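Enquirer: Listed here are the chains, written in short residue letters.
There are 2 protein chains.
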Amino acid sequence: MTKSAAILVIGDEILSGRTQDTNTNYIARQLAALGIDLKECRVVGDDQAEIAAALNALRAHYDFVFTTGGIGPTHDDITADAVAAAFGVGIGYHPEAYALLEARYGTDKFNDARKRMARVPHGGTLIPNAVSAAPGFRVENVFVMAGVPMVMRAMMEEIVKTLPRGIPVTGQTISVRRPEGDIAAGLEAVQKDFPDIAIGSYPFHDDQGFGTQLVARGRDADEVERGAQAIEAMLRALGAPFQRV
Amino acid sequence: MTKSAAILVIGDEILSGRTQDTNTNYIARQLAALGIDLKECRVVGDDQAEIAAALNALRAHYDFVFTTGGIGPTHDDITADAVAAAFGVGIGYHPEAYALLEARYGTDKFNDARKRMARVPHGGTLIPNAVSAAPGFRVENVFVMAGVPMVMRAMMEEIVKTLPRGIPVTGQTISVRRPEGDIAAGLEAVQKDFPDIAIGSYPFHDDQGFGTQLVARGRDADEVERGAQAIEAMLRALGAPFQRV
Chain A
193 MTKSAAILVI GDEILSGRTQ DTNTNYIARQ LAALGIDLKE CRVVGDDQAE
243 IAAALNALRA HYDFVFTTGG IGPTHDDITA DAVAAAFGVG IGYHPEAYAL
293 LEARYGTDKF NDARKRMARV PHGGTLIPNA VSAAPGFRVE NVFVMAGVPM
343 VMRAMMEEIV KTLPRGIPVT GQTISVRRPE GDIAAGLEAV QKDFPDIAIG
393 SYPFHDDQGF GTQLVARGRD ADEVERGAQA IEAMLRALGA PFQRV
Chain B
193 MTKSAAILVI GDEILSGRTQ DTNTNYIARQ LAALGIDLKE CRVVGDDQAE
243 IAAALNALRA HYDFVFTTGG IGPTHDDITA DAVAAAFGVG IGYHPEAYAL
293 LEARYGTDKF NDARKRMARV PHGGTLIPNA VSAAPGFRVE NVFVMAGVPM
343 VMRAMMEEIV KTLPRGIPVT GQTISVRRPE GDIAAGLEAV QKDFPDIAIG
393 SYPFHDDQGF GTQLVARGRD ADEVERGAQA IEAMLRALGA PFQRV
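Line by line, the protein sequences give chains A and B.
With the working numbering applied, the first sequence corresponds to residues 193 to 437, in that order.
With the working numbering applied, the second sequence corresponds to residues 193 to 437, in that order.
Among the clues, some could well be false.
Just so you know, same-sequence chains aren't split out, so a pair can sit in one copy or run between any two.
Okay, derived cross-link-like pairs now, BS3-like style, lysine-lysine, Cα gap no bigger than 27 Å in a straight line [to be verified]:
hint, residue 1, residue 2
1, Lys301, Lys353
2, Lys231, Lys307
3, Lys301, Lys195
4, Lys231, Lys301
5, Lys301, Lys384
6, Lys307, Lys195
7, Lys307, Lys384
8, Lys353, Lys384
No lab work stands behind these hints, which were simulated from the structure alone.
Note that this is a predicted model, so its numbers are computed, not measured.
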């Protein structure tokens with residue numbers, strides 16, 4: 193049974209346009225490689241009620257939820273409290289997190305702000321952070337990660353080790369120098385002939401003009417290949433030059 | 193009264209990790225310039241029920257909703273139908289859209305697939321597309337745009353002309369070569385002194401190592417400037433070199 197997942201990106205800086213989110217795409221690719229279906233993403237600001245509401249909606253709906261952002265030492269880092277509120281549990285210093293942060297900073301630099309990074313909702317387990325020590329954490333099916341991409345990626349590498357493997361979706365992509373409208377009817381016919389794969393059509397433009405990428409995706413690699421060949425046969429019949437990419 | 197907004201990105205290609213979404217950031221910046229508060233973003237796949245459910249949640253909650261993706265001529269373009277379903281209205285060829293697409297393609301190339309791009313939920317009005325003719329559309333507080341960034345931007349330029357102007361949030365950014373944990377206590381004190389602005393803290397790393405960007409944001413530019421100066425005074429007292437960026 194294929195597992196489902198959602199991503200919750202937390203941070204005013206995404207909503208204000210200050211920061212281009214790239215974490216979603218990274219996590220999406222990691223999940224795709226594991227054969228876990230990413231079904232939904234949300235972005236909310238630094239607001240406890242909004243974070244908790246989004247988290248409760250997503251964790252009830254999907255097998256796994258991955259959050260990024262808001263677990264640093266400053267006053268605007270409120271994700272841990274929001275997660276505790278969402279689960280209706282208390283929050284406090286996690287002994288292991290406290291010990292490793294204390295070891296990292298030394299007693300004199302381990303101030304109250306840095307101690308905030310040891311606060312974990314009750315019942316949470318730690319996600320190691322090979323980059324900057326301060327751990328993420330997991331509560332039930334929710335994985336809470338940093339927002340800084342380098343740190344998030346280090347945490348995701350640890351999480352990936354613990355996730356179940358499914359059958360990854362494989363894809364075949366065919367690029368054709370024709371507008372979508374020329375090939376839409378033929379493509380729909382192929383989709384009807386291959387109902388167990390998903391065929392997507394993505395227009396693009398580059399320095400040579402407009403074109404379309406046709407993508408066949410599915411968990412049965414042989415069926416995907418048969419679908420891709422059917423798309424190529426359709427393009428050949430139209431006299432449209434194409435290539436696998 | 194400040195208007196609120198949400199973005200709904202539609203497309204399997206975002207969830208699969210095939211495509212890095214950049215439309216959200218572009219729309220976020222446009223809304224910020226208008227003084228409209230972007231409060232939430234969601235990404236869903238090419239599934240009519242999921243699109244309609246997300247759209248109904250967002251349009252009930254925010255003043256404006258902007259969607260991207262799924263309005264092309266191929267079978268996987270189902271956004272128009274999903275919007276009609278969400279509003280509980282019918283859908284059909286919009287005479288004006290039909291006429292301009294027919295003029296664009298000429299009678300012989302205006303096939304059934306391209307006619308799909310003239311389908312608009314009943315009551316919808318068109319959003320011009322200066323790039324590739326096929327229009328977006330508006331239904332009540334929902335603006336439906338293409339997913340191809342160049343086309344989406346052309347549509348957003350038209351939409352912006354019709355949106356109400358609010359007071360934009362202004363920001364001042366101070367960059368300091370100190371880790372967040374060193375300045376968190378001082379920063380929180382400044383935040384408490386300036387409750388009407390939002391102070392954010394964003395760690396970064398570059399070839400010179402780690403640092404933090406401190407951002408004061410608010411609609412009262414004078415208060416933002418006073419907050420920024422208070423942050424600078426705090427950093428000066430810590431002996432931490434900083435600069436406005």
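Enquirer: Please sort Lys307 with Lys384 into within, between, both or neither, judging by C-alpha distance up to 27 Å.
Expert: Only across copies: Lys307 and Lys384 sit 20 Å apart there, 58 Å inside one copy, limit 27 Å.
Enquirer: With identical chains treated as interchangeable, where does the CA-CA distance between Lys301 and Lys384 reach 27 Å or less: within a copy, between copies, both, or neither?
Expert: Answer is between: at 23 Å across copies they meet the 27 Å cutoff, but 64 Å inside does not.
Enquirer: With identical chains treated as interchangeable, where does the CA-CA distance between Lys301 and Lys195 reach 27 Å or less: within a copy, between copies, both, or neither?
Expert: Close neither inside one copy (42 Å) nor across copies (43 Å); limit 27 Å.
Enquirer: At most 27 Å between C-alpha atoms: does Lys307 with Lys195 qualify within a copy, between copies, both, or neither?
Expert: neither (35 Å within a copy, 38 Å between copies)
Enquirer: Please sort Lys301 with Lys353 into within, between, both or neither, judging by C-alpha distance up to 27 Å.
Expert: neither (32 Å within a copy, 52 Å between copies)
Enquirer: Within a copy, between copies, both or neither: which one fits Lys231 and Lys307 at a CA-CA cutoff of 27 Å?
Expert: neither (35 Å within a copy, 30 Å between copies)
Enquirer: Pop the pair Lys353 and Lys384 into one bin, within, between, both or neither, using alpha-carbon distances up to 27 Å.
Expert: neither (38 Å within a copy, 42 Å between copies)
Enquirer: Is the C-alpha distance from Lys231 to Lys301 at most 27 Å within one copy, between copies, in both cases, or in neither?
Expert: For Lys231 and Lys301, neither the intra-copy (42 Å) nor the inter-copy (36 Å) Cα distance is at most 27 Å.
Comparing the model with each numbered hint stated earlier shows that hints 1, 2, 3, 4, 6, 8 do not hold.
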